Amino acid sequence: MASVWKRLQRVGKHASKFQFVASYQELMVECTKKWQPDKLVVVWTRRSRRKSSKAHSWQPGIKNPYRGVVVWPVPENIEITVTLFKDPHAEEFEDKEWTFVIENIIKNGYYKEYVFLSWCFKSSS
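Mapping to full-length UniProt numbering: the sequence shown position 92 is 92, numbers consecutive.
Hints may contain errors.
To be verified - The following label-pair restraints were derived from C-beta to C-beta distances:
(1) His-89 x Lys-34: 33 to 41 angstroms
(2) Thr-32 x Ser-3: 42 to 50 angstroms
(3) Leu-117 x Glu-76: 29 to 37 angstroms
(4) Val-69 x His-89: 45 to 53 angstroms
(5) Cys-120 x Asn-77: 39 to 47 angstroms
(6) Lys-86 x Ile-62: 48 to 56 angstroms
Keep in mind the hints are simulated off the structure, nothing from the lab.
This structure is a prediction, so every number in the text was calculated from the model and none was measured.
Glycine residues also receive a C-beta, built at the ideal position from the N, C-alpha and C atoms.
Model the full assembly from the supplied sequences, consistent with the hints where possible.
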C-alpha cells in the first residue's frame, strides 16, 4: 500500500536523475581511551540501498594517540544515483535525504555505527 501512495504523490511531477560521486582520500577520527577503532567503513544509505567503501585500518597519530587517520592509497569513488521530483509550479526539487555513516568493523565481523550525518540532496542540485 505504501508504494501506491508514493506513486500517487508523484503524479504530475517531473523526475530528474542526478549522479553524485563521493571521493574518499583521507578521514581523520578522534577517539577516547575507552574506544579506538580497528577498521572503518564509510557508507551512504537510504532505506534499503547501501553503498559502502572498502574497510581500511585506522592509524593513531604520533603526537596524539587518540587522533588518527584512515588513508586511501588510491582515492575510492562511490557513485550514487538520486531521482529528484519537482512540481511544475515549484522552483525547487523535493527533499531526498540520504544518511552518511562511518562504521567500525569489530573483530568478529559485525559493524558498529559511530557517526551519522543526514544529507539532503534538494539543496545540492
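Hints, verified against the model:
1. His-89 x Lys-34: 33 to 41 angstroms: violated, 53 angstroms
2. Thr-32 x Ser-3: 42 to 50 angstroms: holds, 44 angstroms
3. Leu-117 x Glu-76: 29 to 37 angstroms: The hint (29 to 37 angstroms, Cβ to Cβ) is violated, given that Leu-117 and Glu-76 are roughly 18 angstroms apart.
4. Val-69 x His-89: 45 to 53 angstroms: holds, 48 angstroms
5. Cys-120 x Asn-77: 39 to 47 angstroms: About 22 angstroms separates the Cβ atoms of Cys-120 and Asn-77, which means 39 to 47 angstroms is violated.
6. Lys-86 x Ile-62: 48 to 56 angstroms: Once the Cβ atoms are compared, 51 angstroms apart, the range 48 to 56 angstroms for Ile-62 and Lys-86 holds.
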